[in-house]
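Starting from the structure of chain A, add chain B where the hints point.
In case you want the letters, here they are:
Number of protein chains: 2
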Amino acid sequence: MKNMKLALIQQQCGADKEQNLRSTCVQIEQAAQSGANVVVLVELHSGLYFCQHQDTACFNQAETIPGPTTEILAQAARDNQVVVVASLFEKRAPGLYHNTAVVFETDGSIAGIYRKMHIPDDPGYNEKFYFTPGDLGFNPIKTSAGVLGVMVCWDQWYPEAARLMTLAGAEVLIYPTAIGWDPDDSKTEQQRQLDAWHTIQRSHAIANGIHIAAANRIGFEPDPSGHTHGAQFWGNSFIAGPQGEILAHASADKAEIISAGIDLQRTEETRRIWPFLRDRRIDAYAELTKRFRL
Amino acid sequence: MKNMKLALIQQQCGADKEQNLRSTCVQIEQAAQSGANVVVLVELHSGLYFCQHQDTACFNQAETIPGPTTEILAQAARDNQVVVVASLFEKRAPGLYHNTAVVFETDGSIAGIYRKMHIPDDPGYNEKFYFTPGDLGFNPIKTSAGVLGVMVCWDQWYPEAARLMTLAGAEVLIYPTAIGWDPDDSKTEQQRQLDAWHTIQRSHAIANGIHIAAANRIGFEPDPSGHTHGAQFWGNSFIAGPQGEILAHASADKAEIISAGIDLQRTEETRRIWPFLRDRRIDAYAELTKRFRL
Numbered sequence: 001m002k003n004m005k006l007a008l009i010q011q012q013c014g015a016d017k018e019q020n021l022r023s024t025c026v027q028i029e030q031a032a033q034s035g036a037n038v039v040v041l042v043e044l045h046s047g048l049y050f051c052q053h054q055d056t057a058c059f060n061q062a063e064t065i066p067g068p069t070t071e072i073l074a075q076a077a078r079d080n081q082v083v084v085v086a087s088l089f090e091k092r093a094p095g096l097y098h099n100t101a102v103v104f105e106t107d108g109s110i111a112g113i114y115r116k117m118h119i120p121d122d123p124g125y126n127e128k129f130y131f132t133p134g135d136l137g138f139n140p141i142k143t144s145a146g147v148l149g150v151m152v153c154w155d156q157w158y159p160e161a162a163r164l165m166t167l168a169g170a171e172v173l174i175y176p177t178a179i180g181w182d183p184d185d186s187k188t189e190q191q192r193q194l195d196a197w198h199t200i201q202r203s204h205a206i207a208n209g210i211h212i213a214a215a216n217r218i219g220f221e222p223d224p225s226g227h228t229h230g231a232q233f234w235g236n237s238f239i240a241g242p243q244g245e246i247l248a249h250a251s252a253d254k255a256e257i258i259s260a261g262i263d264l265q266r267t268e269e270t271r272r273i274w275p276f277l278r279d280r281r282i283d284a285y286a287e288l289t290k291r292f293r294l
Numbered sequence: 295m296k297n298m299k300l301a302l303i304q305q306q307c308g309a310d311k312e313q314n315l316r317s318t319c320v321q322i323e324q325a326a327q328s329g330a331n332v333v334v335l336v337e338l339h340s341g342l343y344f345c346q347h348q349d350t351a352c353f354n355q356a357e358t359i360p361g362p363t364t365e366i367l368a369q370a371a372r373d374n375q376v377v378v379v380a381s382l383f384e385k386r387a388p389g390l391y392h393n394t395a396v397v398f399e400t401d402g403s404i405a406g407i408y409r410k411m412h413i414p415d416d417p418g419y420n421e422k423f424y425f426t427p428g429d430l431g432f433n434p435i436k437t438s439a440g441v442l443g444v445m446v447c448w449d450q451w452y453p454e455a456a457r458l459m460t461l462a463g464a465e466v467l468i469y470p471t472a473i474g475w476d477p478d479d480s481k482t483e484q485q486r487q488l489d490a491w492h493t494i495q496r497s498h499a500i501a502n503g504i505h506i507a508a509a510n511r512i513g514f515e516p517d518p519s520g521h522t523h524g525a526q527f528w529g530n531s532f533i534a535g536p537q538g539e540i541l542a543h544a545s546a547d548k549a550e551i552i553s554a555g556i557d558l559q560r561t562e563e564t565r566r567i568w569p570f571l572r573d574r575r576i577d578a579y580a581e582l583t584k585r586f587r588l
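Keeping their order, the protein sequence lines are chains A and B.
Residues 1 to 294, numbered by our numbering, are exactly what the first sequence covers, in order.
Residues 295 to 588, numbered by our numbering, are exactly what the second sequence covers, in order.
All the pointers check out, no bait thrown in.
Covered stretches of chain B, as calculated for chain A (at least 3 residues, CB under 8 angstroms):
#1 426-436
#2 450-460
#3 484-497
#4 536-544
#5 558-571
The following residues of chain A were derived to be distant from chain B, with all beta-carbon distances above 12 angstroms:
#6 Lys2
#7 Asp16
#8 Cys25
#9 Glu29
#10 Gln33
#11 Phe59
#12 Ala93
#13 Ile110
#14 Pro222
Covered, in the sense of this in silico footprint (three residues per stretch, anywhere, with C-beta under 8 angstroms from a C-beta of chain B), are these stretches of chain A:
#15 192-203
#16 233-247
#17 266-278
#18 284-291
Worth flagging that the hints you see were computed from the coordinates, not collected in a lab.
Backbone N, C-alpha and C fix where the C-beta goes; we use that ideal spot for every residue, glycine too.
The following block holds chain A by itself, in its conformation from the complex (with noise of 0.2 angstroms):
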């Protein structure tokens, strides 16, 4: 049975993309020389969220995969023999872009990548401007310390999702995320809208018996648009075995590194007592590829 010990990377990033990756690669470092073989980034990690505005020139900080960004990382998973689960502004081609995973491997070679499926639309958050929708499925990406099911932020409220990553093999499910407050919104609103995240995330361990992983950034970043007051990027970035049960937990504005194993013998056991797999009426479900039934 693999050890995979995973460690979060909660950070707050700024508009200076060298600053960041620096900042990243320490981080990286640190990680690996507490014991993780898994490093997870937050989403978009080596820019502010740009997706609060709208504003062509953001394309420019796209890069392809590989490239310039890729080429850093690789050698910050090489360097301390780790996999590191990354999240790139990708450029396809002109005009194709897409919100990218990217796993590579402890000898710096690039795993796998994963292009978010889901994309977010809603003041602050104009992601359908950017992103174009990932066309790879929900494939997780094998390593040598696991089985990745890597996906992305708003991916992490489709159940749909959880479920086929771990229908094909996943042994974690990894979500890099970037995901705040808006802070006209009342405190109770603001209560409810993280633990609704924390909830659906829990979710998807317990109904696949399978540990999952978020990890978001931290601190405030204006709006330049000036359309909202811009976000708050919320932290709290966890960890969760296959019951739901927490096992690690950051702050809600600290960056912080927080980590922890896992179990492959708790899905297991786990899955024993609460077989849901077994029983899933694959004869039934055909009408989940239906926009609604009515």
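Just chain B, lined up with the frame of chain A:
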């Protein structure tokens, strides 16, 4: 916009069917008098949870629908002018039995039935011995009080079921339940199970922007076979709103009626800020009908 007030009757059930039904009818009246227009009963409320053991004599407890028990419940619905969600051991034909929810209109007519689709089977819950899996699919039941997405117990653990009900226009998800602790489990494990049970159901509310309600039984019931140390049904019936927020929550061990309003405007508003239905990747979900993808 309809005005639905849902009441859950959390109760202990004994071996005496007549006595159980008398007690149930009194509580339906109480719930109606306190303003509920939909009253939900626990799973298999007319008797003990006989699935702890396998005994062919238990099939004698099954009844046709309609039958003597539905007559009594229909009368209670009519007398109190409420919609009633009941749960019965259905005899459909010799050798063909279901775990069936029956929804009564305020005039006592049967608005519809739902046959439990996902059937558990584990020590103390020998349901595959008794219940043929449902063949009616996931279709909500229209009533004068609203469109009810009625499912039963083990269905609670399946996001597919909640989604299909939502896509078919359910306005609230409702689960009659009989779930309890194994006295041999540690307190920590018991707490994790209860928490997971709340979490997975609250997640259906979140994923679908819909209210959910689960009515569970209470009390200890010994295992007639002696194979286990019986079941301590854990109560904790609850109603949650479309962000998974708890609106009403019962104790672990007391017979009680809890209720909450089902505000469809909340569904409308929640789905506007969290438009998960908009972004489902129905082009990429076909393999949800597979048992496993490897």
